[in-house]
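**Q** Single-letter residue listing:
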Amino acid sequence: MTRTISEINEKIRKGQAVVATAEEVIGIVEKKGIEKATREVDVVTTATFGPMCSSGAYFNVGHAKPRIKLGGGNTYLNDIPVYTGFAAVDFFLGATAMPDNDPRNRIHPGEFLYGGGHVIEELVAGKDVSLVGTGYGTDCYPRRKIETKINLKNINEAVLFNMRNVYQNYNVAVNLSDKTIYTYMGVLKPNLGNANFCSAGQLSPLLKDPYYKTIGIGTRIFLGGGVGYVAWQGTQHNPGVLRGENGVPKRGAGTLAVIGDLKQMKPEWLRGVSFLGYGCSLTVGIGVPIPILSEENMRYAAVKDEDIFAGVVDYSEAYPQRKPDVLGEVSYAQLKTGRIDVKGKEVPTGSLSSYPKAVEIAQTLKDWIQKGQFLLTEPVAPLPGVESGITFKPLDERS
Amino acid sequence: MTVAKRIVLHFPRSCVDQPIIYHLVKDYGLMLNILKASISPNEEGLLVLELSGDRESYEKGVRYLADIGVSIQPLSRDINRNDARCTHCGACVTVCPTGAFVVESPSRKIKFLDKKCVVCGLCIRACPPRAMEMRV
Chain A
1 MTRTISEINE KIRKGQAVVA TAEEVIGIVE KKGIEKATRE VDVVTTATFG PMCSSGAYFN
61 VGHAKPRIKL GGGNTYLNDI PVYTGFAAVD FFLGATAMPD NDPRNRIHPG EFLYGGGHVI
121 EELVAGKDVS LVGTGYGTDC YPRRKIETKI NLKNINEAVL FNMRNVYQNY NVAVNLSDKT
181 IYTYMGVLKP NLGNANFCSA GQLSPLLKDP YYKTIGIGTR IFLGGGVGYV AWQGTQHNPG
241 VLRGENGVPK RGAGTLAVIG DLKQMKPEWL RGVSFLGYGC SLTVGIGVPI PILSEENMRY
301 AAVKDEDIFA GVVDYSEAYP QRKPDVLGEV SYAQLKTGRI DVKGKEVPTG SLSSYPKAVE
361 IAQTLKDWIQ KGQFLLTEPV APLPGVESGI TFKPLDERS
Chain B
400 MTVAKRIVLH FPRSCVDQPI IYHLVKDYGL MLNILKASIS PNEEGLLVLE LSGDRESYEK
460 GVRYLADIGV SIQPLSRDIN RNDARCTHCG ACVTVCPTGA FVVESPSRKI KFLDKKCVVC
520 GLCIRACPPR AMEMRV
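Note that the protein sequences, when read in sequence, are chains A and B. Going left to right, the first sequence walks through residues 1 to 399 as the working numbering numbers them. Going left to right, the second sequence walks through residues 400 to 535 as the working numbering numbers them.
Just so you know, these hints were derived from the structure itself, not from any lab. Honestly, I wouldn't trust all of these hints.
[What the hints assert, rightly or not] Using 27 Å as the maximum straight-line C-alpha spacing, the simulated DSS-like pairs for lysine-lysine come out as follows:
#1 A/LYS179 to B/LYS435
#2 A/LYS345 to B/LYS435
#3 A/LYS304 to B/LYS508
#4 B/LYS425 to A/LYS179
#5 A/LYS345 to B/LYS515
#6 B/LYS510 to A/LYS266
#7 A/LYS304 to A/LYS213
#8 A/LYS263 to A/LYS149
#9 B/LYS515 to A/LYS304
#10 B/LYS508 to A/LYS250
#11 B/LYS508 to A/LYS266
[To be verified] Which stretches of chain A does chain B cover? Using the computed rule of at least three CB atoms under 8 Å from a CB of chain B, they are:
#12 70-83
#13 271-279
#14 390-397
Note that this is a predicted model, so its numbers are computed, not measured. Backbone N, C-alpha and C define an ideal beta-carbon position, used for all residues, glycine too.
Hey, can you work out the whole structure from these sequences and the hints?
**A** Now the structure itself:
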């Protein structure tokens, strides 16, 4: 059987759509089989809640009197520098930006207690944030200095715009060296002391639509507690990686660039985070609905942890030196038992992405759809697939 | 008069290969009961123990530890989880030397067992949203 997105939206409007989370649908398919489950379920909700460094927000704070051109000068929000290379009062705040005087890793490992992600969290929580800016002065923008406070409710625009989120699968990080290392995958203990992973596995959006058959440019999503959209494929989108027989990538593959109104978002779903010895970031909550249009896409949506594999990578040598070595593959089911086997050693596992929060997002999105508050969208254009031939290029250094 | 205290010792790298416990027993006549030890080559060491003896020897023993660069903390501090900040990601689970963080099944929520906690503080900086706090 097949159905269309407009048929599903009709059911959503009438409050009759049948929605299951990507976790619940696994049980439904096991119990009823693909054919019956496809007939019964209209939408599967997927979600993830993990640190996503290529996140940020742009703002237009309105014009001061007299006017100041922040572009060409330096502007700070709570001491965090923003990028001002736009028109007079537009600027972009990145999640990993940190104060100019942060000691960084001068005393290793640095703490990175406050950065751009934390400013975003505070703004979304409704707090006032200090804005300090300097300009060089022009005839039309004579002012040189400004020191004030901004609040999300008073500024013109505040838009979350993340150039790479929702990685389709990710490395499992380990440390083969004999000393502790501090990475974006957390603290990794020496001699295979632990293994950290970062994916919601069977709940993760792009793992449930591995060939991007329903998720595309323009897809409406849950973003940071509000409504957002897929703007484009994310940076480093790499659909051509090694895949299993079920089509699911075994390495980091597709990514999404997403956009949405920061003013509607909530601090529970945009959390400033600090990675010891690495830097600061923003943990982002994202939920993506997958319309069930055919048995084929139901089969993909019902893939479970046992059938999703990730590569184990050494972050003491292979990752920093960009060596392709993978120490082995493990399933998310194995990772979630708390122990995996690497090179014959039993290694305890930890996660950086929150599965309980992903479950909560998938449930919230399900609730929105069941209540008729959230309609599905047809993609405006598809994301580049395997056939696009896109590859993830290294930087070719030349003189 | 005898004293008995539960203390947490942090050893800098330079001390890890020294027979410190031997000196506490042999030179200061102290009794000790090791509750938790975590020392690896080229790394910081952590030792939680109950140390007892007469007051004068106890004080001398503690001074010896301080002089060679071991930091000493009473075990009366405790670690508290700020539940409003915890996202239940699980970054703490493998960092904790005593297994005080447990992943509940099937919810995968992280349970903090403060009875198992030896207040080493390793979880504080390893927690990305900084949900773990030291209470003095």
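**Q** Against the structure, test the hints numbered earlier, and report the numbers of the ones violated in rising order.
**A** 4, 9, 12 and 14
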